[in-house]
Structures are given as C-alpha cells and as structure tokens.
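**Student:** Residue-level listing of the chains:
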Amino acid sequence: MRQAVLALFALFALAPQPSPSRPLHVVAAYPYIGDLVEKIGGRNVRVFSLARGDYNPHVIIPRPSFIAKVRRADLLVISGAQLEIGWLPPLLRQANNPAVQPGEVGFLDLSRSVTLIDVPAAVSRELGDVHPEGNPHYYLDPENILILARVIRDKLSELDPDGSWFYDGNLDAFVTLWRAKLAEWSEKLLPLKDTRVIEYHKNYDYFLKRYGLVLAGTVEPLPGIPPTSKHIERLEALLMAQPARFVLQDVYNPDDASRHLAEKLGMTLVHLPHDVGAVREASDLVTLFDELVGRLTQ
Amino acid sequence: MQTRPWLLLLMLVVLIPARARGQEAPASGQSSPFSQAKFVPDISLILDCSYLMRSLPDERYGELTVPGTAIPHEDATSHRGFNLNYAEITFYSIVDPYFELFAVLHVSEHHLHLEEAYWLTKKLPAGLQLKAGKFLSGFGRINEQHAHYWDFADPPLILDALFGPEGLNEVGARVSWVAPLETYLMLGGELLMGENAASFGRTGIQSASASFHQESVNGPGLWLGYGRTSFDFGDASLLLGASAGRGATRVDEGFSASLAGGEALSGHTLIYGGDLTVKYLIDAIRYVALQGEFLYRSTDGTLYTNSASPVVQSSPYERRQSGFYTQAVAKLGLQWRAGIRLDMLTQNKIVEDGFRTDLPQNLPRFSAMVEFNPTEFSRVRLQYNYDRSRYALEDSHLSGKTVHELSVQVNLAIGAHGAHSF
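So the protein lines, in turn, are chains A and B.
The opening residue of the first sequence carries number 1 in our numbering; numbering runs sequentially from there.
The opening residue of the second sequence carries number 1 in our numbering; numbering runs sequentially from there.
The following block holds chain B by itself, in its conformation from the complex:
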C-alpha cells in the first residue's frame, strides 16, 4: 500500500523526459509556449550489486547477534551468493532563488521507500542555512554520507549498532551556521522526531491488560548539536568534529502484544560522537586518508515486563555502550584505491534492576578492500571482513563465532549526480 504513491512518482519521472524528447524540436514556425521540458531536475540512478562468500551458512549466520545491540536487523542481512543491495534514485533541483530540493528513493527488490527528501535555504543571511524534511543527520562524520560514497561495502559496526541499517535518518529540521572566520568552523543543531528504532522511539507503550499506560512522545523527541572545524598543514587537511544529542527512548518488544512475557523500555538516551579525518595529498593523483570516529550511547529508563500476575513489573534500566572505527584509505593511482579498517565495540554494559548483564566487550572486526574505478561513475570493490563481533546463544551462554566474508561489489551511477563533499 505504502509504495503506491511512489510508483506514481516513478512513472511521472519516466514520463517527463519522454515528454521532453517529444518537444525538443518543434516543427519550424511552431513554438512550445507552455513547455517545461528544460526544467527537468537532475535525476540519477545508483545500482549496487555484490557477490558474497561467507564462512557460515545463511541460517546459521542469521542466528548470530552482536550482544547488546539490535544486530542482526530484520531484512537487512546479505546472503551468500548474489545480492542486489540497493538501487537509489536521486532527484535534485533548485526550486527557485530561495530553495533547493533533494530527494532520494531507496529501492530494494520488494520495497521502495523515501530515504531522504528535504529542502535547503539558499539566501539566509549571516552564514545561516535551514534544512528540513527527512534527512540523514549530520551527527558524526559518516552518518550523513550515502552508502555509495562509503569507503567500504558495509557501515562501521558502531553506527550499525547504535542507529541501525539506515543510520540516524529522521524527519525534522536543521539549522547550520558557518563562522565568518579564516578557519572553517561550522555549528549545527537539529530538532528531530526521534523515531530511530535502535536508539530512540516515540510510540507510547500500553500493556495488553490495559493496566499500564505510557504516553507517546508528543512533538520532536530528539535534539542534536555538532561542530566541525578544519585545518590545513601544507598538503594535509584535517577535519575535526564533535557531536552530542539527547532523545526520548521508547522500545516495545512484544510487551503490548502479549499478557505474559515481552518487555518494554521507556527512558532517554544520550549520544556523543567525536571524529577526525586527515587527508594528505601525495601528488596530483594519490592521497592517503585516515578517518576515525568514536561514538558513545547511554540510556537510562525503566524496563517494564509482563509477569504472570496482572501487575506490570518495572525495574530501573541502564545501558552504556561505545565503540569506534578507524580506517586508512589510499588512492594509489588514477583508478585504484585500497584501504583497511578496524571496527571495535569497546564498552557494552547493561544494568537491569541493579544486576549487571555480563555482555562481551571489545568486539572487533577487521576489513580490507581494494577498489578499481574505471571512471568516476563505476566501481568494482573486493572486500574481506574478519568479523569477531558475532555471538551465538548456546545453552544460555554467549559464545563467540568468527565469521569470514569476502565480497565483490559493483556500484554504478547513471544520470546527473551531484559532486560529493570532502
């Protein structure tokens, strides 16, 4: 049902250029006084496919979790063999002298959803800019970037753990300010609805017996603030960022649905991030880029459980998690890039009702990749992952499983696609 309006939009997009072609060359003496063909927005399609080899069968891999997180996410896991990871349809155009508009449709085999749709102001004074709609938050460094711009096939583990497969992608508004200084300094603030299922959530909680009721969050439930600055040292550029945010958290895991069992969490979550990027230009073609990001999440709230009695039990809940990724990527020649990455979930502490759950800490994953880019519109990437972050539940014990993954990924872009930032 949900996909229907977008199918219509898609048809429209296919039809507009067809109309444009029809009106390109009017017969001599005739005019097209009402033609809008020249106003077709920039449209591009990005396709990402891969072939994946993994040391564990799909069923076995699907049972593994990263303890303390929502990984694996439903419908977000790749399979052995061929994967159509996504197709991304992007639209961009200047609206008028005052606004620009971006929209990104994320298409998978059976789903079509609006990944981003937002407007930006062009004419605000004093270095200010407003952005509103649905967009990837500017929190941290990599969250704002689309998957096709990532240096590796998969997102960093800590981002996946804290924000889920779609990242921190919310409906809301952002204001940014660039300081009128010789040095780059950008400050941004976002007010978002806070629907991210992995960290936040806003829907109220009600027990199946209706004896307990926790209200929904009304209005925006999440605010974020961040700053970025940059320094150049000769041929090296350094970009430094810090982010923080606070939002309401509402999680319902089978609580509303059943009389016995299930639990729900209500509380608030703080997130902090720090990032550092250094890019050193060796010459006109080659560079080395080092990038690292550290994220921290702390949740405090109340955990509600349905017990056999009609009374809902509540207990204090506390969660402290953090992790980082650090990567080095080098452009070795006109068409070649290579990189390594270390992912680590460092802190993983959950305290329920005063009892600390002993979750494994310092969960690592190592990745290495080589990329061949025939042109800026095509990319073939070979990536190897040595993943030691996954655990299986065996006899109510968590036991670590090592996973090896090797993937060949092809990413292609057609149409008019805008340039990327630093």
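The following block holds chain A by itself, in its conformation from the complex:
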C-alpha cells in the first residue's frame, strides 16, 4: 500500500509541471498569424492556425475540433476588425477557457495596432458585407507585418518574461530579413505604379495602396455579394472608357466573371493568394508576398 502511494507520488513529481519552460500554446485565427507567431516564438511556442489559408476568411466553418484547441490555448491571436465575427465567437464561448477571453492577457487582436482604411462614415447592410471598423485585410500591406511582428513579440514577452531575450532576437532577425524583402518588393513593383487594376473582392486594397496601384473597381457589386450581369455591364462600360491592366482574383471565389471581363477587355487575370497556404507556393509570410509580387510582375 505504502509503496503504491509512493509510486503515485513519484508519478506526479515526474509529470511535467506547468512552468515557463513549457511551450506556450498559441491559437491563431489565420495561417499568416500562425506563421508570424512561429517566426517570433520559435521553439517556445506551439502554434495552431484555425482557418485554412485557401478558404474565404469571412466564412470559416467552426469545426468542433477548434473548440478543443481554444480550450488549451494560453494565447489566442485574432486578425480582428470583425473578420472573424461570423465564426470565432461561438468557439470562444464554448471553449470554457477564461485565459483567452477578450480583455484578458491571453487575447490579442492584431487590428488594434494598425491603421485601417475605408472606415465607413455610416453603415447599412444595403451596402453588403461592410465592416464598421474598416477594411479588415490590412495584413496584405507588408509594412504592417513589421508592426504585427513587434506586437506579437510584446505579447509573448508579457506571457513569458523569461523568454523575452529570445523573442527579441527572433524579432531582430525577422525585421532584418523583412526590410531586405521590402526593398526587393518595392523595386520589383516600381514599374507598376499607377497601373489600374480591378479586383474581385476588396482583398488587396492595402497592398495596392502601398505600391501605388490604382483600384478601378470590384467584380463584386457590393462586398460579399456575387457579381450580377447588370454590375458587370456597368464595369465593362467603365473599363472601356478607362482601361485597367489586371483583374485580381482570390483563390476561393468563382472566377468566371473575372475571366469574362479579362478576356473581353484584354486584361490579365491574376490569381493572387490572400493568406499563407492560399496557393502551394505561399508556404509562409515571405513566400506569400514573393508570390503576390511575382504573379503581378512575371
């Protein structure tokens, strides 16, 4: 009996105790966030990204297995600006994890640290799927990635102060790499400055703004509403008068309307990734932007 008790005691003593040396469990809403957390957190974090990179970020199916991930998370990082409003709240409610509720240390909304564009003065659902806080696809401005990397470093250091030197080092390395890439992308995109483009959904506005491309219209009549023939006719008339060079198409929406426009008006249809994993080549943040730039400049 006594031996059994001792054995049991030994078992507990040997079991891994929660300590700062245990990797932080981080749940990221989207793969781009997961990749950035991995780059800054390195071996100190265990990251799980909920959404698939090749699906529509607005309408992710909230699989019950996600609840188990959020239940065990030390940190939940969301993109914010209401991009997750249609799928994340029920997961958070069902996960019974007080540590990652909004307002807690274990919750991070990345959109709070960047400046959003297209903040509507008034909102009405007459205008389609509008986001009252502004366009939520801010992470496709590569300059914003630097801000996000710092915010993530700050958060990881807050949760694990002993590892802050490590996160600082990773951030420095990432910033150096990213600055070099920023210079490269700017140089490659320089010839495209003032090029007129249209896009299917307002996915790439931040990217276009950063590199001086001009958005001439969207294939969707309103955000989230599939193209109608009437809207396409209007768009054709507009593009006839003032031509555009590219049609930017995401990977998850049907591309027939974009294809039709491109063929009819002699534009180039480009399928662009919007997140890590959207296309096979975009395996991390660096290759995501390499791909965005490459597909526009090839």
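Careful, some of the hints might be misleading.
Think about it this way: if two alpha-carbon atoms lie no more than 20 Å apart in a straight line, the pair counts; the simulated SDA-like pairs of lysine to any residue are [claimed, not checked]:
#1 B/K123 with A/R72
#2 B/K123 with A/V105
#3 B/K279 with A/R52
Derived contacts from chain A toward chain B, CB cut-off under 10 Å, selection only [said to hold, decoys possible]:
#4 E84
#5 L88
#6 P98
#7 Y252
Derived from the structure by calculation, the hints contain no laboratory data.
Just so it is clear, CB atoms sit at the ideal spot from N, CA and C, and this is done for glycine as well.
Following the hints, position chain B against chain A.
**Tutor:** Same frame as chain A, but now just chain B:
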C-alpha cells in the same frame, strides 16, 4: 395580462436607441457625463413568414393526429395560405467580466413570450461553465438550435412528438465541462424544473371529488446529462453526441375538471438520444452535411380515471416510443443550398392496465428543400413534405392519411445577431 411587462421592455428597447441618437453628437464644449448610449446590447429581429399549400383543408388537417403523441399541438399548426410563423427578438451582451446574458422574445401575431433568458459564466476555471435561466436544453443535437437556424422549415417529427412545438425548453441550470484534450470532448449536465407538457410536467393532480390527491413535484423534476465529441478526417468533421435524462411526469387531461371522464397520468419518463453529424467541405464554398438523430422515450406510471362511482380507478401505464430523422444538406454554391430529410417514428407502444393499444408504428415523413440565400441575412426556402405520419379516427379505427405540403418560406434577420456554432 402576462404580456404586459414584455411590452414595457419592448418600449424600453425602442427608446434606448432613440436616446442614443439624441446623445451621439453633443454640442461642442458639452459633455454627456452620464450617457450609457454606447452600452446598448446587441439587438436583432428575425422574421419568418411563409406561404403554405396543403392537400387537405385546414379543418380536416386539424383533426388528424400522430397517434400516441400530442400532435397536433394547440395553436401551433400552420394554415393554408400566408403564415406569420414568428418574429424573434434577441438581446445579447456581456454583463461584466464574469457574465454574459442572452434573451430571446418569441412573438407571434397575438402572443409575446420569453423563449429564452439565461446567463453564462465567462471566468470559471478548469474548463467549466455555468448557465442558468430559461433555455433550450442541450439534449441531443437540434433541440438547442433556434428555428431560424434549422435546415428545414419544420422541426423533426420525433422532436415535435416528444417535446412539443417549443422543444425541450426549461427553467433550470446547466454545467458544462470541456476536457483539456487534443480531441474535443464536452460533458454537460442539466437540472431543470421539468415542465415540458409533452413528456414531463410537475403540477399535482387532484380529482374533482377531492377523494384523490397526487402531490406536485417540489423542486427540479428533470435531470439530463450529455456528452459530445468530434473528430476530423481531412476535410470532413464528425460530431458525435449521446444524451440521457430522467424526469417526473404529471399529465392531467380533464381529470381535475370533471367528476366523470378525464384521465391523469403520474409517473416518470426516461429519454435517451444519440446524434451524428458529418460535414464534408468540398471546397471553399461547397459542402455536404449529413445529420441524424435518434430519440427514445419510456414512461412508466399510473393512469387515473374518473369513473361513474366516486372511486378513482388506477391502472399501470407504460409507454415506449422512439424515432429518428436523418438528413443530407448540401451547399451547392455561394447562395444555394438543397437538402432531403427522412423522419420516422419507429416505435409506438402504449400499454394500459396490461392491455397493449395497437398504435401504428414506423410513421414516415419525407421532406425536400431548396434554399436561396441572397446574403447571410436573408433566405428564401422552398420545401415539400410528403407526410404519412397523420391518422384520422374513423369509426373508432385509426386510418392513415397522406398529406402533401409545399411551402415558400422567407426568413430575414436585422440588427446585431451573433454567429452560429457548427
């Protein structure tokens, strides 16, 4: 009388935003030190209307029953022509760092009632959560879901038969626990008052002559337990659930009201449920979802009848019923969904005083629907029902009647309405 407090609440809700507008832009230099306008909860209104075509006139249809069940429910039957099925007003807000509050008012043309009003904890440790108030029970799969989230215009037959038109919706408390595992595992337990008229009931029974008296159930009369787990296989998610419950049953059908005739039932009822959902994502837009649920109810008790003599007669009563629904729903495009459903009441056995009533078994209903969703806030649904579960009483025989139904349903949502779970 009952509706009055809610009318007041409704007025309040209309007034709060009006006040908010008035205080939105104070004149320069002025402040609104006591304004609470920014704390208006999320409010939404869901409206459900339909046009119904049915092969039988309303009077004739109203006489049909699903044998062994309380169907048709009073005031719950739709009519040929236009139907205002319901309007649902929902409120949600975080109360403080510790609680969240939900309330749903169910409004029909002449009634307003509180469908749900409950609070949830946010900060309990160890994966626990408490919920209390009036709420739709987590028993099974579809019971917890609101009508506007259903894949078909009407609830599955077996749920309607066992729990009535409002489902298993009770005053009580729930505790849930999510296991700290890689795999999703949720265990829940509910302690409820057990007032559901179709299966339970708590009010005591007294014969009109006062010679017989059966006490009311004191305190919660119904407990439930359930578990859910889920597995992913590539692009497919599988959700598996099992539920069980036991509650007191008290039914008074004209027993207290008359000296002769009428009967009352006192006993207890066990309910069991098993459910399975598989959702397969074909691509970023399309999916196929298979869902099935099996429910079983067994009641044992005593049946009391008023006979001509002043003595109340009692006899043992036994009821065993079960059924299932199984459905396949596919999202075919950005705005289109279609689905088929099979409903079946499989077991239907009632034994009174050792005599088995021969009730029809294996009562089926087939449904098919096509849905057009212009946006996530609007839906137009065309549904066809081939219903062979209804029977007419002709010369003290039950004779089956086939009913065809075709409905066009429009469901719209305005305001701030929260997202739905899997």
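**Student:** Is B/K279 close enough to A/R52, meaning Cα to Cα at most 20 Å?
**Tutor:** holds, 16 Å
**Student:** Does the interface hint hold: is A/E84 within less than 10 Å of chain B, judged Cβ to Cβ?
**Tutor:** Result: holds, 9 Å to nearest chain B Cβ.
**Student:** If you take the shortest Cβ to Cβ gap from A/P98 to chain B, is it below 10 Å?
**Tutor:** holds, 4 Å
**Student:** Do the numbers back the hint for A/Y252, that is, is its least Cβ distance to chain B under 10 Å?
**Tutor:** holds, 4 Å
**Student:** Against chain B, with CB atoms and a cut of 10 Å, does the hint on A/L88 hold up?
**Tutor:** Holds, about 8 Å.
**Student:** So if I understand the rule, the pair passes when the alpha-carbon distance is 20 Å or less; does B/K123 with A/R72 pass?
**Tutor:** holds, 15 Å
**Student:** Is the straight-line distance between the alpha-carbon of B/K123 and that of A/V105 20 Å or less?
**Tutor:** holds, 13 Å
In terms of the numbered hints stated before, the structure departs from none.
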